[in-house]
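First to last, the sequence lines map onto chains A and R.
If you're matching positions, the first sequence starts at 4 in our numbering and goes up one per residue.
If you're matching positions, the second sequence starts at 140 in our numbering and goes up one per residue.
What the hints contain is simulated information worked out from the structure, not anything from laboratory work.
Restraint-style ranges between C-beta atoms, simulated for each label pair:
1) R/L425 <-> A/L22: 39 to 49 Å
2) R/R328 <-> A/A6: 41 to 51 Å
3) R/G289 <-> A/L22: 49 to 59 Å
4) R/P397 <-> A/M4: 37 to 47 Å
5) R/W160 <-> A/V26: 21 to 31 Å
6) A/M4 <-> R/T158: 16 to 26 Å
7) R/S352 <-> A/A6: 47 to 57 Å
8) A/V26 <-> R/I324: 19 to 29 Å
If the Cβ cut is set under 8 Å, some of the chain A residues that face chain R in the computed set are:
9) R5
10) A6
11) T9
12) F12
13) L13
14) A16
15) F17
16) A20
17) H24
Quick caveat: nothing in here was measured; it's all calculated off a predicted structure.
Beta carbons: idealized from backbone N, C-alpha and C, even for Gly.
Chain residues, written in single-letter form:
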Amino acid sequence: MRAVITGAFLLFAFGGAFLRHVVGVRVSALPKWQMFSGKSLDVVRAQLFVPDGEDEVHVAMDRSNTKTVFPLSPALFYPVDLRRVARQACHAHEDVRAKAVRMTKRGWVEFEDGTHNICGK
Amino acid sequence: MTDLEQNTKMPASASREPTSWRGWIERELAREGSCISAGLIRIFIALNLMVRWCEDLLLYRATNPPLFAVSCVFFVVTFLMLIGLWSRVSTVLSALCALSFVAYFGEEAAHEKWQHHHCAILMIGTFLTAFLPCERSLSVDAWLNQQKHGGTSTHQGRGPMWALWLFRIQLSTIYFWTAFDKCYIGFFRGDRLEGYFRQYYLGSDAMAGQSWSFVWPILSVSTVLLEFALVLLVIPRFRKWLLPMGIAMHGIFYTFLPIATFTTTMWTFYVALFTPDEVGRTVRRLL
Numbered sequence: 004m005r006a007v008i009t010g011a012f013l014l015f016a017f018g019g020a021f022l023r024h025v026v027g028v029r030v031s032a033l034p035k036w037q038m039f040s041g042k043s044l045d046v047v048r049a050q051l052f053v054p055d056g057e058d059e060v061h062v063a064m065d066r067s068n069t070k071t072v073f074p075l076s077p078a079l080f081y082p083v084d085l086r087r088v089a090r091q092a093c094h095a096h097e098d099v100r101a102k103a104v105r106m107t108k109r110g111w112v113e114f115e116d117g118t119h120n121i122c123g124k
Numbered sequence: 140m141t142d143l144e145q146n147t148k149m150p151a152s153a154s155r156e157p158t159s160w161r162g163w164i165e166r167e168l169a170r171e172g173s174c175i176s177a178g179l180i181r182i183f184i185a186l187n188l189m190v191r192w193c194e195d196l197l198l199y200r201a202t203n204p205p206l207f208a209v210s211c212v213f214f215v216v217t218f219l220m221l222i223g224l225w226s227r228v229s230t231v232l233s234a235l236c237a238l239s240f241v242a243y244f245g246e247e248a249a250h251e252k253w254q255h256h257h258c259a260i261l262m263i264g265t266f267l268t269a270f271l272p273c274e275r276s277l278s279v280d281a282w283l284n285q286q287k288h289g290g291t292s293t294h295q296g297r298g299p300m301w302a303l304w305l306f307r308i309q310l311s312t313i314y315f316w317t318a319f320d321k322c323y324i325g326f327f328r329g330d331r332l333e334g335y336f337r338q339y340y341l342g343s344d345a346m347a348g349q350s351w352s353f354v355w356p357i358l359s360v361s362t363v364l365l366e367f368a369l370v371l372l373v374i375p376r377f378r379k380w381l382l383p384m385g386i387a388m389h390g391i392f393y394t395f396l397p398i399a400t401f402t403t404t405m406w407t408f409y410v411a412l413f414t415p416d417e418v419g420r421t422v423r424r425l426l
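If we strip away everything but chain A, and leave its shape as in the complex, we get (with noise of 0.2 Å):
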């Protein structure tokens, strides 16, 4: 019993997050050491833009994408060069769903409708 419940543990502690991690597999049941991975930052990255004639900084992100991939607003981490994020703009993708948004001071993203985090608002 005791080699049952360890091989079971092992297999859910390495191979439940291989799967979470490397196969992508989005199952909440299993576990997950990070809360981004690289793909979601490129995701994300491509679709921040700096709209023309603004002294701050506006970014607008797909809420639904972000809400699957990201459960905290990637604004909070990548805001990181502001000059990188406006040549990124340059090939936002085209079918950005979000509204544009707000980055404050702190970093804490502002949305047009008040909120102030993307997950559970």
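Given chain A, work out where chain R should sit, using these hints.
Chain R alone, transformed into the frame defined by chain A:
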């Protein structure tokens, strides 16, 4: 702790050096040891559970009957787990409460904070504690047992400690996958660490190009290398070097980032890296 506990020897089968992997696994699964480390883990996990969830679960905050009910149960069972009364049952119930927070209230009811891996690791740690003989030491259960038998514990403070391997497996798995997940150019370039710094300290108005921006890639690569190295923590010969680095790394996270109980949970898991008798001897010396 009793005299019996202190004088009990390791079983002969546990001290023989195995000649094969199968023999090694069998020895580890049959290994017995001082239950003090199990008691310590139970207490630390219970404290972590309280720190993580008690404030969120204050009864006036319960927005629906299920959450109210689980909150009430949580307060009772985590207290019982802490003092070690009906230890196994209270530990299992605490784990089930944590599971409901992570899997139901976190995922289904979109309580975003409870979806974090900080909560997941705490929930898993609570379940794993239930596999340890956590009632046999540092607990009211042990004291009651001792009283019942006229001052002599029938448990002798020793028990099967194979479940410590579950903690070790979990530790290695976490380090491996967190390091694996950081292996992309965005992290190595230092963007993520810089993002953290801007989020919590500088604000996002701070522009790139500071003279110290070279720090982020160095820190990022060092973090990934260290996390891959920490996968080897379960191997005793590496423990001497890696353990201080692991403790320091989590200490830095604890000091600089709002990661709540993650650091303290990981430090609790570190108790499982030591043999039960090492922990038992150390605690007895301290007491």
